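Here the protein sequences line up with chains A and B, keeping their order. Residue 347 in this note's numbering is what sits at position 1 of the first sequence, and the numbering runs on without skipping anything. Residue 96 in this note's numbering is what sits at position 84 of the second sequence, and the numbering runs on without skipping anything.
Just so you know, these hints were derived from the structure itself, not from any lab. Please note that a few of the clues may not be correct.
[Stated by the list, open to error] If the Cβ cut is set under 8 Å, some of the chain B residues that face chain A in the computed set are:
1. Ser-103
2. Ser-104
3. Arg-121
4. Phe-123
5. Pro-132
6. Ala-149
7. Ala-154
8. Thr-164
9. Gly-167
10. Gly-344
[Claimed, not checked] In silico lysine-lysine, DSS-like type, Cα no more than 30 Å apart, as pairs:
11. A/Lys-383 with A/Lys-543
12. A/Lys-704 with A/Lys-730
13. B/Lys-49 with B/Lys-129
14. A/Lys-704 with A/Lys-543
15. B/Lys-49 with A/Lys-383
16. B/Lys-129 with A/Lys-543
[Unchecked claim] Listing some non-contacts, in silico: residues in chain A with all C-beta distances to chain B over 12 Å:
17. Pro-391
18. Ser-580
19. Ala-604
Predicted, not measured: the structure shown is a model, and the values here were computed from it. We put the beta carbon where it would ideally sit given N, CA and C, even for glycine.
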Amino acid sequence: MGCISPLGADSAAATRSLIDAADCVTSVEAFDVSRCKCQSAGQIPDAWLQKATDITRRAQHWSRASRMMLLALAEALSNRSDFEPDAVVIGTTSGGMPFGEEFYRMHERMQRRRRAAMWVREYVPQQPVRDAMDVFNLGAPIRIVSNACASGTNALGIACQAVRSGRARRVLCGGYDALCELVFAGFSSLQAATGEKCRPFDAGRTGLVLGEGAAVFLVERLDEITHPPLAELSGYGASTDNHHLTQPNPDGSGPRMAIEIALADARRTGADVDYVNAHGTATPFNDACEARALAAVCPQAPVSSTKGQMGHALGAAGAIEAAFCVQAIQEGFLPANIHFRTPDDGVTLDIIANASRKASPRCALSSSLGFGGANAAIVMEAVK
Amino acid sequence: MSPHIQGIGWVTPAGRDINGVFTAIRDERRPTLGELKNPFSGQAHPVLLVDPTMVADVTRLPRLRRSSAISHFAVAAALDAIKAAGYQPGSSRLALVFASTNGGVIHTRRFFSDVSKSGPHAGSPLLFPETVYNAPASHIAAALGVTGTTLTLVGDSTAGADALAAGMDLLASDACDHCLVVAAEEADWTLCEAYAAWGLSARHPEDAVTSGSGAIFSEGAAALLLGREDGCPAIEDVRAGAAFRSLDEARRRMTSLCADMDAHSCTRLVSGTSGARFDIVESDLPTPIERLAPKLILGEAFAASTLIQTACAAISLPAGARALVPAAGYHGQVAALTVRG
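Start from the sequences and build out the full structure, keeping to the hints where you can.
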């Protein structure tokens with residue numbers, strides 16, 4: 347497993363930030379946000395991304411997304427250099443959008459730039475994955491899943507199904523998304539982004555902050571592994587909510603269906619869940635809907651959304667949050683739900699408020715909700 | 013199990029009617045060329061566009077009034093495939109796999125134009141949700157009441173083949189009883205400029221029939237309803253992606269993929285040649301008795317074109333005959349599939 351996020355340049359650093367309940371959201375300086383209500387995001391420092399050029403000099407011309415993918419993949423392969431996937435499934439929402447922005451602006455300014463062809467090639471969502479894989483001479487077919495903010499979770503679920511069914515023996519899966527102006531403007535336009543702290547599940551929550559990052563996993567059958575596994579990916583469920591393009595059905599039926607399918611797939615019940623890493627964007631609609639689903643399926647499980655610490659990494663969120671679940675299982679703690687003050691009326695979830703907890707979770711559930719009514723959930727367990 | 017193609021729908025620059033469009037492809041009658049112009053430079057690009065009146069029935073649906081053309085095309089093709097199959101939505105567990113190469117690029121360009129002019133606070137909340145890759149899938153799901161798996165895949169032309177592979181996987185895993193596979197594209201001047209910058213587009217319409225001189229870009233959608241019921245053409249095998257770093261490697265990969273699929277026994281090749289330099293990828297494939305090249309007639313609509321190729325194979329194959337459908341993507345992958353009549 348490899349993970350780069352605002353919480354850390356690798357999985358171990360992120361774990362320390364999770365245990366410390368660190369707030370890693372910072373002011374946006376990459377573009378002018380002075381007239382936006384929200385002016386902050388979870389961002390990966392340029393110095394961390396610069397390390398990609400230590401791996402390959404080609405990375406100096408790459409997008410942030412390609413660098414993130416490379417660093418996450420390098421970490422994942424650092425003790426599994428023998429891992430040769432026969433399929434790759436990666437989730438993303440915005441791909442190489444900053445290059446698309448540059449390309450549009452070039453035309454708007456009536457310029458001709460030599461780098462335009464490179465921007466076009468790098469704009470395509472599979473290119474960051476291809477860039478990273480080329481460094482390690484990996485040539486497996488790439489499937490890009492773009493189910494909005496559920497993409498990363500879908501990618502892990504599809505990998506799980508592919509390995510389980512025997513259609514693939516080894517799958518590289520995960521997600522990436524880099525902060526970009528278009529998407530920042532998008533959430534700003536919907537008034538979904540907050541100018542205050544991101545407070546998932548809090549009664550006074552006012553919206554999300556964006557984030558970025560990448561996480562990748564090397565998935566293979568338990569009976570074929572040659573190295574000790576970090577965790578078992580035991581269940582996956584997906585569902586579609588037709589209520590509205592950008593708002594979930596308030597009754598929680600969409601995420602509830604995905605969670606129930608995932609638990610059934612893992613042959614578990616809600617009572618078996620020791621930790622839920624919730625989607626928890628801190629928008630009024632998302633958290634109310636998701637809380638209803640969780641209260642119906644696993645009301646006793648401790649719940650946190652880690653988006654208060656690092657923002658919402660969109661198509662990468664599900665993969666990054668799955669990595670946090672694995673770290674929680676491995677290191678024996680439950681990540682915190684920071685900036686939490688007051689529970690929502692009628693919501694009785696066990697929110698892991700403001701500080702991480704020592705615990706020994708063996709079964710973790712991660713849920714994701716996306717635009718377009720895309721819902722997905724996965725179950726991860728300690729290996730027996 | 014080979015899933016059977018139980019219904020086909022498409023929206024193309026040559027029309028929406030299955031027989032009419034297929035006849036145009038078979039008779040090599042290209043529709044009238046349109047043009048998209050870069051408003052800043054005035055540069056015009058020849059393109060094959062869908063007549064918007066062709067999808068007027070879906071643009072009247074409440075949820076689609078403000079959506080982009082790609083969603084109109086996708087929903088129209090999906091509804092046609094469902095109707096052609098005689099399928100009643102809600103009668104079985106229906107999954108949806110949607111594929112696109114460029115997504116809702118018109119709304120994306122319009123949204124970013126406002127942002128670029130006035131700043132990130134100035135984007136339209138009506139446009140942004142339609143810029144998301146899975147917006148068309150969401151509209152299809154709403155139109156058909158899909159509550160199970162809905163998956164959006166993004167990639168080059170090979171994403172069409174990958175969507176079929178994903179649909180086959182969903183059927184094989186018993187996650188659904190039927191799977192609707194849809195791919196759609198919409199044309200925009202930014203795309204024309206992008207592919208021109210990449211050296212893939214034909215500046216002059218007559219170039220597009222001369223292999224290697226450039227493609228004419230296009231738009232539209234295709235939809236295939238897959239199910240287990242016998243008596244319809246079946247998708248036998250999909251090899252959804254083999255990576256390449258050079259055209260020569262792409263050709264070798266494609267040749268190898270097709271050899272693995274026993275391409276020599278196929279009596280029909282539904283070619284993916286578009287006029288772009290990637291056409292060389294098919295140069296070592298077996299020469300079958302019959303050959304169709306839909307992209308040379310309907311233009312290059314990426315993932316949607318691959319489904320149109322597959323649909324052409326299904327429409328035209330005699331019972332028991334096999335067709336090969338190759339797809340060479342512009343972004344480093346080749347794919348191929350076989351259809352049995």
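Original post:
Is the straight-line distance between the alpha-carbon of A/Lys-704 and that of A/Lys-730 30 Å or less?
Top reply: Roughly 20 Å separates the two Cα atoms, so the pair holds.
**OP:** Let me know if the C-beta of B/Phe-123 comes in closer than 8 Å to any C-beta of chain A, holds or violated.
**Re:** holds (7 Å)
Subject >> Least C-beta distance between A/Ala-604 and chain B, which was stated to exceed 12 Å >> reply: violated (9 Å)
**OP:** Double-check B/Arg-121 for me: the hint is only fine if its C-beta lies closer than 8 Å to a C-beta in chain A.
**Re:** Constraint on B/Arg-121 satisfied, holds at 7 Å.
Subject >> Minimum beta-carbon distance criterion (8 Å), B/Ala-154 to chain A >> reply: Interface hint status for B/Ala-154: holds (4 Å vs cutoff 8 Å).
Original post:
Per the CB criterion, is B/Gly-167 less than 8 Å away from chain A?
Top reply: Constraint on B/Gly-167 satisfied, holds at 6 Å.
Original post:
Between A/Lys-704 and A/Lys-543, does the CA-CA distance stay at or below 30 Å?
Top reply: holds (25 Å)
**OP:** For the pair supplied as a hint, B/Lys-49 and B/Lys-129, confirm whether the alpha-carbon distance does not exceed 30 Å.
**Re:** At roughly 20 Å apart (the allowed maximum being 30 Å), B/Lys-129 and B/Lys-49 satisfy the hint.
Subject >> Beyond 12 Å from every chain B Cβ - status for A/Pro-391 >> reply: holds (21 Å)
**OP:** Below or equal to 30 Å on CA atoms is what counts here, so check A/Lys-383 against A/Lys-543.
**Re:** Holds, at roughly 12 Å.
**OP:** Measure nothing beyond the straight line between the CA atoms of B/Lys-49 and A/Lys-383; if it is 30 Å or shorter, mark the hint as holding.
**Re:** Roughly 36 Å between the alpha carbons, so the hint for B/Lys-49 and A/Lys-383 is violated.
Original post:
Any Cβ of chain B at or closer than 12 Å to A/Ser-580, or is the non-interface label fine?
Top reply: A/Ser-580 is indeed farther than 12 Å from all Cβ atoms of chain B, at 16 Å.
Of the numbered hints stated above, those contradicted by the structure are hints 1, 2, 15, 19, listed in ascending order.
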